Amino acid sequence: METRYVRVVEEVAKLGSIRAASEVIGYTQSAITKILHRIEEEFGERLFERHPRGMRLNEFGKVFLEHSLAIDKEMRDAKSKIAALKSGETGRVILGTAAWSTQFLPGILANLIQERPHLKFRVVESNAGHLEQLLLEGRIDLAISAMSQPIDDQIIVESMGEVVFGLVTAVDHPLTNLPEVRLENTMRYKWIMADGDNRTTAFLERQFAKCNLQWGSPDVEILPRHALLEIVAKTDLIAYVPLLSDPEFSPPVAKMTCVDLQWRVPAGMSFRRNRPVTAAGRFVFEEIKEQFRLAVAEYEHLER
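So the sequence shown is numbered by my numbering: it starts at 1 and just counts up by one.
Treat the hints as calculated values from the structure; they're not laboratory data. Heads up, some of the hints might be wrong.
Claimed, not checked - FRET-style restraints, in silico, Cβ to Cβ:
| hint | residue 1 | residue 2 | range |
| --- | --- | --- | --- |
| 1 | Gln114 | Gly44 | 48 to 58 Å |
| 2 | Pro117 | Arg206 | 28 to 38 Å |
| 3 | Glu286 | Gly54 | 54 to 64 Å |
Everything numeric in this text was worked out from a predicted model, so none of it was measured. Every residue gets a Cβ at the ideal spot worked out from N, C-alpha and C, and that includes glycine.
Please work from the sequences and hints to get the whole structure.
This is the structure we're talking about:
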């Protein structure tokens with residue numbers, strides 16, 4: 001039975017006649033009669049008692065209309081929810097982010113909570129390699145990170161620009177006094193790295209080897225970017241991280257480019273090939289993409 005037939009029964013019951021219902025609904029009287037006969041044949045019982053003054057629902061008709069109206073409401077609710085999902089007004093986004101991209105999220109999520117109160121979020125912070133694995137396992141919907149090349153052809157990456165890496169030290173670190181920094185100048189200092197960032201570690205090892213130097217391993221590994229920068233600001237440890245304009249609450253650090261460490265890595269949104277990004281996820285990505293563009297532009301402006 002089609003849900004649109006429910007209104008036919010409802011109007012006939014409310015108005016007491018097929019003629020009156022015909023005028024309200026816009027169906028011919030013969031069309032309404034056929035619909036009522038079709039429903040009664042399907043359920044095996046008459047729905048109306050016919051009287052000289054009109055038509056009245058009988059016991060079977062009352063049960064039919066009660067449950068049919070409930071089903072009709074559920075269908076309308078389902079259509080409304082599907083439309084909201086398609087528009088990105090509602091839904092749940094499980095977002096994986098690299099440590100550097102979390103600096104955009106507080107402001108973005110605060111705005112989204114105000115603008116789209118029916119959206120729900122869960123944020124998972126990790127390194128690029130682990131985020132790819134989480135995508136393949138279906139544990140996150142999309143990831144924002146820097147990737148030179150996905151490890152699996154089931155991962156699709158939509159670019160939002162490039163991340164430029166550079167050295168970060170305390171503002172009074174001895175390296176800041178050099179006219180240019182080379183890898184040999186870093187040999188006497190300890191390193192701090194984002195936890196599990198094997199790709200950056202591998203890049204450093206290659207670059208040190210090109211200079212006939214040996215890079216050991218980081219003395220400190222920690223994931224949150226703000227915590228890493230806090231440690232850098234208070235010690236003589238050095239780090240190799242994306243050079244972006246950090247929020248005002250970040251600790252003051254010196255950001256510099258090392259002559260022997262020139263690395264630009266594509267950054268973007270990653271998702272699984274057979275699991276397209278939802279409208280809500282796409283909306284979040286576009287917001288992050290814009291904030292990333294602003295952060296890169298701000299950093300480049302400050303460096304001029």
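Tested hints:
1. Gln114 with Gly44: 48 to 58 Å: At roughly 54 Å between Cβ atoms, Gly44 and Gln114 fall inside 48 to 58 Å, so the hint holds.
2. Pro117 with Arg206: 28 to 38 Å: violated (48 Å)
3. Glu286 with Gly54: 54 to 64 Å: holds (58 Å)
In summary, the one numbered hint that this structure violates is 2.
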